[in-house]
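The lines below spell out each chain.
Number of protein chains: 2
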Amino acid sequence: MKKIILTGDRPTGPLHLGHYVGSLQNRVKLQSEYNQYVLIADAQALTDYYENPEHVRKNVEQVALDYLAVGIDPKQSTIFIQSQVPELFELTFYFMNLVTVARLERNPTLKDEIRQKNMKDSIPAGFFTYPVSQAADILAFKADLVPVGEDQQPMIEQTNEIARRFHHLYKTEIFHDVKAMIGTTGRLTGIDGKAKMSKSLGNAIYLGDTPNELKKKVNAMYTDPNHLKVEDPGTVEGHVPFTFLDVFDPNKTEVEALKEHYRRGGLGDGVLKKRILEILEAEIAPMRQRREQYAKDMGYVKEILRSGTEAARNVAAQTLSDVKKAMGIVY
Amino acid sequence: MKKIILTGDRPTGPLHLGHYVGSLQNRVKLQSEYNQYVLIADAQALTDYYENPEHVRKNVEQVALDYLAVGIDPKQSTIFIQSQVPELFELTFYFMNLVTVARLERNPTLKDEIRQKNMKDSIPAGFFTYPVSQAADILAFKADLVPVGEDQQPMIEQTNEIARRFHHLYKTEIFHDVKAMIGTTGRLTGIDGKAKMSKSLGNAIYLGDTPNELKKKVNAMYTDPNHLKVEDPGTVEGHVPFTFLDVFDPNKTEVEALKEHYRRGGLGDGVLKKRILEILEAEIAPMRQRREQYAKDMGYVKEILRSGTEAARNVAAQTLSDVKKAMGIVY
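Protein sequence lines, in the order shown, are assigned to chains A and B.
Heads up: the first sequence begins at 76 in the numbering used here, then just goes up one per residue.
Heads up: the second sequence begins at 76 in the numbering used here, then just goes up one per residue.
Some hints could be false.
One copy or two, either will do: identical chains are not told apart, so a pair holds if it fits within one copy or between any two.
[To be verified] Heads up, simulated BS3-like pairs for lysine-lysine below, C-alpha to C-alpha not over 25 Å straight-line:
| hint | residue 1 | residue 2 |
| --- | --- | --- |
| 1 | K274 | K186 |
| 2 | K133 | K399 |
| 3 | K399 | K377 |
| 4 | K290 | K195 |
| 5 | K292 | K104 |
| 6 | K400 | K377 |
| 7 | K246 | K133 |
| 8 | K400 | K133 |
| 9 | K290 | K254 |
| 10 | K371 | K254 |
| 11 | K195 | K104 |
| 12 | K271 | K77 |
| 13 | K334 | K77 |
| 14 | K150 | K104 |
| 15 | K291 | K150 |
If you're looking for bench data, these hints aren't it; they were derived computationally from the structure.
Please work from the sequences and hints to get the whole structure.
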């Protein structure tokens, strides 16, 4: 039997190249080998965006389009909308009894996010407990593998703790041990070179960018501010076109030669930007095309979401039934 | 239109005379005047009894029998099982975003319970957030009134806060303002005279007690330990038969006369116990009879629960639909 993967995104904005190299690319590769569930986590996004649910709702379809654009195949992967699988809320409720408040307070990922978002004394209870909801998502599909960034590993530990506690308390073995699948590619930097690519920092290249938008963004990429004339020696570290070439250029030998040339002087930024633009355009063009195809028939996209969600519901309902049987709360 | 009442109990044990005078009696009176929902809060009980769900499950039917025994009429009141109304979990999930962790930490009822149960650093997240789940129960039925003990009033405030925040954020007015209906009868003391009647203290008279059990408990009632001979003067304060006569004896003048007699000496405890036994037996006998009738046909009791739960689900589903529409998370 195929192993099960659960993966997904919070629909809070269009997906960008950072998502692609960090995760989407991998999903396309894995979907034939694994039984892959792709969750559009709108309910989880609301724990953060509850003041603007419209924003989340709008992005659900956009994220679905991004998935289809990169080549996630609805015949191989089950794409579904979290809020439309009510069994997940019920599982969350029961799992909440198996985690202490103190344990949530110690969760490093949660701690970081609370600090980053500057929540302090106004942490919504829904946000504070989202690791439990995330565990419910994973356990509902009895996932074996969850692709995550390194910073998300504590979430997988939390999930396994809940599963083990459930097994121990209710003398059962219904869940699989979940393994984090840490991506090999680190986080892609943004075009400003300052931080990782992110919508909120305005430094992202979106999978849906037009050729013109892409060109503008590549031209705006941060290079070496001290590299004033072509003949000047330049610094490669933090040079965004080089960072991108490291990730996207298949010809690593040529990239190394270019770096050497740049260091000793005589290589202009324009050449490098042209090279990376061509590579990115070649990467994005087929996505853009697929995206346009699907966008013409949103009824079909909705049908993909509807049938994916239905399939996901059936699986989650079976797990919920197993959970309730194990707990003996069947009437 | 009739106003709506939500009331109920956690099915953690059989109901006793304390429940009767504090609440059940009132429900029987109110059911014709109000649209009354009676919740058997098994899911909430699990936030505390998650290590022993079987205990909760078993008590669901027992509590239903108690309801029917005291005269709650399934034709007038909607009796339902919380865990069988999944819409409540979904509402809880969305309401969790509208309450901060700090606000829950300040909830006086919750603080008291955490101290009483000596939970300290091992507060289950499900227990910590149960005020939100309780608010979901109340708001799901758009209740106007919730009969509570004085110590539960902060829960009503919490519920109204969530409703107001929901209205404000999502520009809607779907919930009613909830009022606490504080009972006139204080908490009934246990037969040991030390604390309020409670299953865990073993000082309770159950609504299902046999005549023999009732007699034994009345005989065991705490009186005045210094009242050794009948002719000795006695103390009325803390004297359990007198406490019960104050509550259950309709003839207050006679009770006052008896107290005076007891104080000056010459009145034996046996006389008082006999009097309260007769009154309690007259109160409990019809309950016992109704209980036996229903217990003979548990299929019928289950059918009452099934159809009550179905009716409750329809109402909760409508509210959930209103909530999702207001939030704009309809796909």
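Which constraints among the numbered hints does this structure fail? Numbers only, ascending. 4, 5, 9, 10, 11, 12, 13, 15
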